[in-house]
Amino acid sequence: MKTLVLIQMVPDLVEELIVDRDGTRLDSYNTHWVINEFDDFALEQAVLLKERQGGEVIVVAPAMEGVEDVLFTAAAKGADLLIRLNGDFEGEVNNHSLARQFFPFITQLKPDLILTGVSAHHRHDGALGALIAALADLPYIGYVAGVTVTDGKAVARKEYPGGIICEMEVQLPAVLGIQSPDTPPRYVPISKIRQAMKTAQIEEQEAGGADLSGGVAISRLIQPQASGHAVMLEGDLDQIAEKLVAIFKEQGVL
Amino acid sequence: MSGEIYVLIEHLQGQVLDISYILLAQARELAGNDAQVTAILLGHQAQALTAELAADEVFYYDHPLLETFTAEAYWKVLAGLLEERKPRLMLFGETTIGSETAGGLSMRLGLPLVSHCQKIVRDGAVLRWVSQLFAGKMLAEGDLPEGTALVTMQPGAFKPEQGKSRQSPKITPQPPADLSGLRTSVKQIIQPSGEDVDITRLDVLVSVGRGIQQKENIELAQALAESLNTVLAGSRPVVDQGWLPVSRLVGKSGKAVKPKLYLALGISGAPEHVEALGNVEMIVAINTDPNAPIFNLARFGATVDALDLLPVLSEKVQQAKGG
Chain A
1 MKTLVLIQMV
11 PDLVEELIVD
21 RDGTRLDSYN
31 THWVINEFDD
41 FALEQAVLLK
51 ERQGGEVIVV
61 APAMEGVEDV
71 LFTAAAKGAD
81 LLIRLNGDFE
91 GEVNNHSLAR
101 QFFPFITQLK
111 PDLILTGVSA
121 HHRHDGALGA
131 LIAALADLPY
141 IGYVAGVTVT
151 DGKAVARKEY
161 PGGIICEMEV
171 QLPAVLGIQS
181 PDTPPRYVPI
191 SKIRQAMKTA
201 QIEEQEAGGA
211 DLSGGVAISR
221 LIQPQASGHA
231 VMLEGDLDQI
241 AEKLVAIFKE
251 QGVL
Chain B
1 MSGEIYVLIE
11 HLQGQVLDIS
21 YILLAQAREL
31 AGNDAQVTAI
41 LLGHQAQALT
51 AELAADEVFY
61 YDHPLLETFT
71 AEAYWKVLAG
81 LLEERKPRLM
91 LFGETTIGSE
101 TAGGLSMRLG
111 LPLVSHCQKI
121 VRDGAVLRWV
131 SQLFAGKMLA
141 EGDLPEGTAL
151 VTMQPGAFKP
161 EQGKSRQSPK
171 ITPQPPADLS
181 GLRTSVKQII
191 QPSGEDVDIT
201 RLDVLVSVGR
211 GIQQKENIEL
221 AQALAESLNT
231 VLAGSRPVVD
241 QGWLPVSRLV
251 GKSGKAVKPK
261 LYLALGISGA
271 PEHVEALGNV
281 EMIVAINTDP
291 NAPIFNLARF
301 GATVDALDLL
311 PVLSEKVQQA
321 KGG
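Sequence order for the protein chains is A and B. Be aware that the first sequence starts at 1, since it is given in the working numbering, and climbs by one per residue. Be aware that the second sequence starts at 1, since it is given in the working numbering, and climbs by one per residue.
Just chain A, same shape as in the assembly (with noise of 0.2 Å):
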């Protein structure tokens, strides 16, 4: 079984995030960009999957800071191909245009199964594995929090609120966003990773033309005016504490 795995980079929200001077984005030069949370579930679901079955594990990230060290963490992890893809990822993207630049993968590779993050946190226009899914006339199940698959067809576990599990199956190929993978993402030794740095291959592709349609675009990006505030207790972690246990005794708690 062939698992292509897409992985976006996002702002690390640990970093103050400050907006460019025309106000409409953040400033590229002052933010620091990480693996998309849900895409390293995604990546990890994949390696499960391989570890229980077989096939190859293959990793296609966008060139941006900090992608080498992305691609060749998943290399530590199990992936058996790696792909940047060139191109001016920092500038005009959305998620519309991405699926479209990583579509001509799904093409050429013709994977079993694509694994995407289920969403990320940086883009307005929807998820991208919905996005690529119907671009690639493909089914898409999304908010899946484990994965199981047999005899050319997968078993997904949505979640739905409260708790509530949807359990559906998908004829393969077949797109899915992963919330959860069945079990939390692995640790590497940095050990592993330097070695993963001498032994693995980084392949490039360039990227095609940005297609922006389907997004919309931002006329102005700021920072929340909050309608309230908490009131701020302040001391030390004694006066904090005490305080507290007087709220919790007027809240009727205590």
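Don't take each hint at face value.
[Stated by the list, open to error] Straight-line alpha carbon distances no greater than 20 Å define the calculated EDC-like cross-link-like pairs of lysine to aspartate or glutamate that follow:
| hint | chain 1 | residue 1 | chain 2 | residue 2 |
| --- | --- | --- | --- | --- |
| 1 | B | Lys258 | A | Glu250 |
| 2 | A | Lys50 | A | Asp112 |
| 3 | A | Lys243 | B | Glu272 |
| 4 | B | Lys258 | B | Asp18 |
[Unchecked claim] From the derived model, a few chain A residues whose C-beta atoms are all more than 10 Å from chain B:
| hint | residue |
| --- | --- |
| 5 | Val34 |
| 6 | Leu48 |
| 7 | Gly54 |
| 8 | Gly55 |
| 9 | Glu68 |
| 10 | Thr73 |
| 11 | Leu81 |
| 12 | Ile83 |
| 13 | Pro104 |
| 14 | Gly163 |
| 15 | Ser191 |
| 16 | Thr199 |
| 17 | Ala200 |
Hints listed in this document are in silico derivations from the structure and should not be mistaken for laboratory results. C-beta: ideal position from N, C-alpha, C; glycine also.
Please build the complex by placing chain B on the supplied structure of chain A, with the hints as guidance.
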């Protein structure tokens, strides 16, 4: 504005989901007196679900394969409808049903899509949208292009009651859809295990997020929860790590809770988590990041490390109980 506003009605196991009423409330506000609000219901023997929908009309598609949602079936049915009728706007929930339906339709039909939308407002003939990006740390604004636009919306701007009506809407059954050749099917629906405590019924919840950092630290929070006679809940990252069971998940794919006190420890307040806190009486947030969105929602907060605070707070609570 003129034209029609469509709202996709989401349902599961014979219940209309609250997000659909919230979308109807948004649609009604936009429609004013010069546009029609049409609810779009896909189901099987589901006509009773239309009773409270605050819509002018319901387009109802009935088919056994529409009893439970699959993106493929919804794409097939709705693509035909949108191509034929060309409404001004179609609203979907930013949900397990709405987001994948809207995404597929946007790409298939070449229609513009705005996701993570908080609110749409009219400014003359222009429809302006506001969306939450970067897990709620930024707001993006823009105008919807002319023609048909698709929008997926988060809850929050309206209450479900605002999208309900005592007067049943006009129901217009639609021609049977051709759903041959679907590659997706529903095998079974699995109910959550009833073995664990039901966190939606508790008066106090101690809840942990990414700030708890590692599994070993769960015990610190667990001790506080026990001293407050409650259990530990958590946000998505903690459950994804396997540190808490899914039955303790608070958020979009977990449970919406309504305690008198919700103590959020190391939780940033991402939209997926916050949407489950709408009925909480009091939120108290502990987070080292002073810009964490959870502080905009909390009544009280402190910017200290939850891991440092937990042992001290547990001891003070024990003292207050006379222990």
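Thr199(A) remote from chain B - nearest C-beta pair above 10 Å: Label holds. Min Cβ-Cβ 29 Å, cutoff 10 Å.
Does the structure keep Lys258(B) and Asp18(B) at a Cα separation of 20 Å or less? 16 Å, holds
When you look at the beta carbon of Glu68(A), is every beta carbon of chain B farther off than 10 Å? 24 Å, holds
Least C-beta distance from Ala200(A) to chain B larger than 10 Å: 27 Å, holds
Cβ separation check - Gly55(A) to all of chain B, threshold 10 Å: 20 Å, holds
Claimed clearance of chain B by Gly54(A), with the beta carbon kept past 10 Å: 24 Å, holds
Is the claim that Val34(A) lies outside the interface with chain B correct, judged by CB distances over 10 Å? Since the minimum Cβ distance to chain B is about 12 Å, Val34(A) lies beyond 10 Å and the statement holds.
Check the hint pairing Lys50(A) with Asp112(A) against an upper bound of 20 Å on the C-alpha distance. At roughly 12 Å apart (the allowed maximum being 20 Å), Asp112(A) and Lys50(A) satisfy the hint.
At 10 Å, judged by beta carbons, does Pro104(A) keep clear of chain B as stated? Nearest chain B Cβ is 15 Å from Pro104(A), so the label holds.
10 Å cut-off, C-beta based - Ser191(A) kept clear of every residue in chain B: Ser191(A) is indeed farther than 10 Å from all Cβ atoms of chain B, at 21 Å.
A cut-off of 10 Å on Cβ-Cβ distance, and Ile83(A) was said to be off the interface with chain B. Does that hold? For Ile83(A), whose nearest Cβ neighbour in chain B is about 22 Å away, the distance exceeds 10 Å, so it holds.
Holds or violated: Lys243(A) with Glu272(B), Cα cutoff 20 Å? 29 Å, violated
Checked against the numbered hints above, the structure breaks hints 3 and 14 and satisfies the rest.
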